[in-house]
Each structure stands twice: as structure tokens, then as C-alpha cells.
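J.: So the chains spell out like this:
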Amino acid sequence: MTAAERPVPYSTAPRERRTAARGGMLLTFVALAALPVVSGQNGYVLQVYTQTLLLASLALAWNVLGISGAVSLGHAAFFGTGAYVSALLSTIQDLSVWITIPLAGVFAAALGMLAGLICMRLRGAYFALATLAFVEIPRVITTNWDNVTQGSLGLVGLPGLPVLHWGDWRLDMAASSTAAYYFVFAYAVMVLCIVGIIQRSSFGLAFQALREEETAALSIGIPVSALRLLALSASAFFAGICGACYAHLVRYIEPGLVYGLYFSAIPMVLAICGGRFTILGPALAALVIYPLDQFVFHPLLPAGHEFLYGLALVLTVLFFPKGFWGYFGRTS
Amino acid sequence: MLSAVVVSALATGSFYTLVALGFALIYGVTRNFNLAHGELLVLAGYTAYWLWKTWALPFVFTFPVAIVASMAVCLALQRLFARLSEPLELNSIVFSFGIAILIQNAMRLCFSGNYRLIRIPTLNHGAGFNALPVSYGQLTLLGLSLGAIALLYLFMYHTYPGKALRATIQNREAAALAGINVAAMGILAFAIGGFFIGLAGPLFGCIHYLYPATGPEATLLAVTLTIFAGVGRLGGIILAGWLLALAESITVLYIGSSWREMIPAALLLGLLALKPRGIFSDDGR
Amino acid sequence: MSLLTLHAVSKTFGDFTALKDINFVLDEGEVVGLVGPNGAGKSTLLNVISGRLKPSYGEVRFDNVLINGLKPQRICRLGISRTFQSSRLFAGMSASDNILAARLFGKGCRPRITGQDRDAARRALAFVGMTHKADTPAGDLTLSEQRRLDLARALATRPRLLLLDEIAAGFSPVLVKQAVSLVKKVRARGVTILIIDHFLNLSVRVSDRLLALDHGEKVAAGPPAEVLRNPDVMRAYLGLRHEGPGHTSRGKHAG
Ligand SMILES: Nc1ncnc2c1ncn2[C@@H]1O[C@H](COP(=O)(O)OP(=O)(O)OP(=O)(O)O)[C@@H](O)[C@H]1O
Ligand SMILES: [Mg+2]
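Residue numbers (this note's numbering), protein chains in the order written: chain A, 1 to 332; chain S, 333 to 617; chain H, 618 to 872.
These aren't lab readings, by the way, just hints derived from the structure by calculation.
Mixed in with the good hints, there may be bad ones.
Unchecked claim - DEER-style ranges, computed between Cβ atoms:
#1 A:L257 with H:R691: 53 to 59 Å
#2 S:F393 with A:S225: 54 to 60 Å
#3 A:A20 with S:F487: 56 to 62 Å
Stated by the list, open to error - In silico contact screen, one side only, chain S against chain A (beta carbon under 8 Å); selected entries:
#4 V397
#5 N423
#6 V426
#7 F429
#8 R451
What the hints assert, rightly or not - List time: in silico EDC-like cross-link candidates among lysine to aspartate or glutamate, alpha-carbon distance up to 16 Å:
#9 A:K322 with S:E418
#10 H:K724 with H:D734
#11 H:K794 with H:E762
#12 H:K688 with A:E212
#13 H:K801 with H:D825
#14 A:K322 with A:E214
Quick caveat, the model's predicted, so the values are computed rather than measured.
In this text, a Cβ means the ideal position worked out from N, Cα and C, and glycines have one as well.
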């Protein structure tokens, strides 16, 4: 071993920071897990946090694609499709919500695959514009297929979240908002874990490589097109499940809402503000921004409170292009 | 019947052209995709509506105010767009998306979510060309869009700043090397873009309903026409506008009016999917 | 044993002919220098072999398999890898991650990153003398370090044929010397090498043969001394008329 091969002295700063981040994560996790107990019977708080976690999952789902460098402005396509598939299958086909929620993910993933095939050759801005247009297609089809979907009237009285059986033990998530909260919490944690695993596997490396230098990525054998397609359909899968959960949580959907700008904008805004090349960023942004919106700005400005998302996005792009967690969290 | 369809498609297409011009110009010169375009346009429409409704200003006189106002807003925005880093096209999309959300919510706050329409009855009256069923409104649109294109053409081909603008559209680096102040061209583009937005906004308010969430429709239209025509091909935009309107009329006639909304989106997707590099050269990696 | 066979390879960009009817055979274990003036078509030929460009006409065979038209990542899997004339490193990734990515995807895709992979990445960095830069983002490296990292990354895919594009361009004599010994080390591993070398500072010292291009055409091929003496090469490439061979490469200027 030559002198040059000696292990590099590892600076302690990142390690300390990592410990701090781990501690913060654990604390957040515990706080979220304890929330139903702490908030007592306050249904509104619980409802807001259930929605927060749903949006966090959606932002994480968005970022499964975002990590490959692509920016989607049309994730409502997958969210809305998931919502409609699960709603229709559970009402018309009378299937259990346990089955329709994953099926919603599968349908959304198929749609994602289709979008990916259409946009195969597009990068950067052009991909973003294509997703902006793409969302119109499932929306118009859903609206016009009114003998099944009730068109723009929407679907009301959807079944609630499923009932959990365990021997004698029953947990009715439709009746108990606490149970519903934990359901969404579990989903958010699951998506986070999956994103984390992907990121730490060689695929995370490949995604970073292909977003930084696609030509070189190809030349070292990374199957760029296949990975992009995979990222888009996986992202659509998780977003579709978010949509399905939303449908059964709120129990009312309409095309203008679930395919609307809101559900395209929110995951993008949260992921970019949190840091689109980070694992935790999108979820953290959701935890900060949505409660801020609901508890502070909504009471102040009932009509225009969503300006917050625009403001957050504009400030991020101008001053923190890497996003919040990209700046203050793990930098690599 | 057919002539009515064609006339209305031409008028609608001309309107689309007016809607898209500002966007196309700003993109061509600065490579900034301004997704807040539709919101700016609706804002100009609201300005006109407000002047017309509460101050009882004649509709024609709302234009100068709307134009000045939207030029001012565009110039202010230009300061922010100029701060964006590479990749410019993508960052401008994300940034302007945020601006769009901001403006949309500001409008919701100021004008509520209600639908507003600037009602100008005379515009719907027939202009009375014997067999040809043309209304004054349709004639106005046709005249305005052709006039705007002609004006722009004169400016771009016969004045020094116009030529510099054209050079910048064709090749920024080469233009900069030739001594053209590319930054100043960006400001000029936003000013002219603001002018066209201010021109189209009040028209939007009397053809289409005004409500805070309608901006993205106009944006999508503008994006589609810009991509259709190709960078800097301003003449192509009016053609693209007419073709799009015709495609929409045909869809309404033969498939159903509810499918009309899908046409610009489908067209844009098709263009991007089939000619991603033919129309734009995004291959500059 | 021939490893790479180019048969009547041509490449046109619109009206412009960048490569015209190139025939060449590269034997296993050989080191060949691809030389020629600016715009001769050297990088284009490399791009054709590595799959970035499709030849307009002709055949490229690797190990008797027809490879023209295959995607770059397929060609990489077959055992050809390359470096780039201007840096295409993953600038935001650490030097060792650059190599790791190549190792994990160079032959198939392996989702798990094992300790073995990390060791291999470390050894690859040591091979090019960059152990101390393992954690430095590739974008922060010096020019010579970037070139070496590019080489290490290409090697990490475990190629049988390595294509090097101007790996010593702009180097000082000391750095060129290092590059020469590095290429010799790679060769000692049994890798066949095609080196583009515009300035002739590297290829004449390591190549068995030279292939000279001008205006997209092959003007000469053979042992370095012979090619450099070739009047067409001197005229076309060196822009000299009657001077002796190899003078430029040795830094002596005749007349
Ligand atoms: N994608 C392309 N489109 C059009 N022309 C191209 C393209 N790529 C290369 N060329 C042209 O082909 C010719 C050969 O280029 P190439 O890069 O192969 O030259 P080279 O021999 O590598 O020169 P250098 O020493 O400058 O690297 C040049 O005239 C170049 O302009
Ligand atoms: Mg070259």
C-alpha cells in the first residue's frame, strides 16, 4: 500500500450532521406516531395530518421519477386515475377496497408506462410540457365516459377505507379517523422506505448518473431508457395508490378535482422545495408546508391561501435550487 | 353551414394566435417558458373587466390600460427570470409554474372565483356580408391578429432592434458575439410579450369567461402553438392557430363538443412525441 | 485473431461526409493509434464503434458479431468501452461512485452494492493513482485527474476493447509520460486499445500500429514509423512537406 492509498481522514462534520438528522427523523417519526394520542379528540387536526401524510406520500411518489432528473407537471393523471379506478371497481364491481387500492396502482402504472413510451425521447423542459398536456387525456376521457364515471358530476358515497381483521380484533378505518390516520402513515413510511432502498442500491447510483450525464451513462452500460420508464411507472404506481386512498378517505371524487392542477402542482412543489434529489426532502416539505397552509394561511385567507405553494416554489427556485433538504441535510 | 364553420374557426384561430404571441416571443428570444402566461392574460382580462364594469370605461379604452399594466408586470417578472440558472428552459418552467400559482391565488383573493364576462353585444351582430355569416367580433379578431402579425413583422424586419431580436432568436451566442446586447433583447422581448398579453387579455374576457383557474387553458394553447410553429417562426403561429381551431371545430362537429378540450393537449403531445428534435433542438447536451 | 473489423464504414451528416469507406482490422491485444488533423473524423469513428452514432453505410464487427446499430449500453456489455474527448464524468458524484456505477452496470445490472464492489472501485482508483481523491466530486478534479478517472471508469466495465479519445491532449511532458505508462499498464492486462491522438505525443510511444485519417478517409495504416514517413500523412496531417519522420513527435523542428 502506497502513501496515497492511506484511508482519507474523514471529516467529522458530516457525521455529526448525520447523527443530528437521524435524531430529527426519529423525533419526527415518534411525534407523528403519537399525534392521535396527543391531539386527543380533535378531529380537525387529525384530518389535516392525515392529508399531510397523503400529500407526503404523493410527493415521495413524484420523486421516484424526480430523482432521475425529470420534472412532471402532470402527476394528477396518475393520482386521478388511481382514484377513479379504485372508486369504480369498489362500487360497480363490488370488489374489496383491499384489492382495488393495489389495482388502482397497477392501472396508474400502466398509464405511466404509456406516458413514458410517448415521451421516451423527451428530456427536461420538453418532458415537463408533455406531462402538462398528458394529464388532459385521462381527464377528458373520464369526464366523457359518463355512463360509467358519472362524468363531471363525480362519484359520491364511495366506500371508506377497508376494515382490518385480525382474528376477533377489528379495526374499522372508515369509522375511526385515528385508524385512517395510521393507515396513511403506514403507507407514507412504506413509500419512504422503498425510495430509500432504491436510492441506496445501485439503481440510485444509476439514476444520479443518468441525470448528470446521459451519454456517459449509456456508454458504461446503464440502460437509460428502461430505467426512465421504470421510474415513471413506479412513480405512477405509488401516485395511483395515493389517489385511491384519497378517494376512500374523502369518499367523493370528481374529474375537475382529482385530475386538477392541485394534484399535479402539490407533489411537484413539495418535492422541489424539499429537495428533489434527496430521499427525505419531499416528505419533510409536506410536513412543513401543508400544516402551515391549513393552520395559518387558510384561516387568514380563505380564498387565496394556496399562494403559499407558489411562493415556496418561486423562492426555492431562485434561492435554493437544490431544495431545503438538499441544502441543509445530507449534501451528497 | 360549412362557411360558418370555417369563418368561426378562422376567428377562433386568430384569437388563439393573439393568445400565443406573447408566449412565443418571450420563449424565442429568452428561452424562458413562461407558464404564468395564461394567468397574466387573465389578469389583463380582469383589469379590463374591472375598468369596464366599475368605471364604465368603454371597452376599447380598456386596452391601453391593460397593455400598460401587463407590460409593467412582465418587465418586473423579467427581472426574476433573468436570475434563473441553467438549465434555463426547465428552471423557467418550474419558476413560472410557481408564479402562476401565485397570480392565480391573488386573483382568487381579489376577484373571487365567480365567472365574469365582458358583454359587448355589438360584437355578436352580423356584419352583413350577404351570404357570409360574419360577426363584428369575428372580424375584429381576424383584423387584430393579422394586424399584430404584420406589425411584428414590420418591426422585426425593418427596424434595428427588431433585427437584433431576430438574430437573438436564431442564435443567442452568435448574436452576443456580433455585439448584440442579449440581456437587453430579453427585456425587449418581455416588453413586447407584455404588450400582446395586454392586447389578448381583454379579448379573452369578452370571448371566454374570466375566472381565476382558467389561466392554464390559455397557457396550454400558447405552448401548443409555439411548439407547432417552431422557434421564432411568428408567421407560423397564425397558421397553427387556424389549424388548431379548425381541428377543434371538426372534433366538435363529428365527435362531440366535450372532446374539444383534448385537442390542444393531444396535438402538443403528438408534436413532442413525433418531432421532439425536428421542431426544437433540445439535443444540446 | 481479429477483434474489431471495420468494413466500408461511412458516416454522413446531411451533405457532409465525416467518414468515407473506412476498412480496418484491429487484432486482439494490439494498441492502435488513430491519428489525423482536427475534424478528420477520429471522434466520429469512435462514436460509430461505441454506438453513439449509427454508420450510414458499412459494417462494424466485434468478435465476429455485427454491432452497428446496437445501443451504446449493449455495445458496452459486449465488451467495448470508451472515454470522452471533453469531460463527461458524473460531475456531482464522487470519484469512487463514478467507478462504482460503471462496475455495477457494465456487465448486466446488479442492484446490490457489495463490499467487493467498493473494494474493486478502490483498486481501480489506485490503478490510476487517485486513491486520495476517492471522495472528491468528479467535477472538482483537475484535468489530468478527470482524464484518469474517465479511464478508470471505462476500465471498470471490464472491456476487451478500450477506446480512448485524446486522453493526453493538452498535457505537459511529465503528464504525457504518466499517461504512456498508464496505457502500458492497461495493455499489460490484455486489453486491446484504440487511442485517438491528435498531437501524436502518446500514440507513437505506445502503439503497435497507426491508422491515419484525413477528411474522413484512411490515408495510411501501419507501423508508426512507416505511417509518419508517409508523404500523404505528412501533407495532410502535419502540414509539412519534406521533413523527416517523427520530428514533431520528438519535439525537434526541422528547418
Ligand atoms: N453530429 C454532427 N453533425 C454534423 N457534423 C458533425 C457532427 N459530429 C461531427 N461532425 C463533423 O464531422 C467532422 C469530424 O468530426 P470529429 O469530431 O470526428 O473530428 P476529430 O477528428 O475528432 O477532430 P478533433 O481533433 O477536433 O477532435 C467535423 O468536421 C465535424 O464538424
Ligand atoms: Mg475528436
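J.: Please list, smallest to largest, the hint numbers that this structure does not respect.
T.: 1, 4, 8, 12, 14
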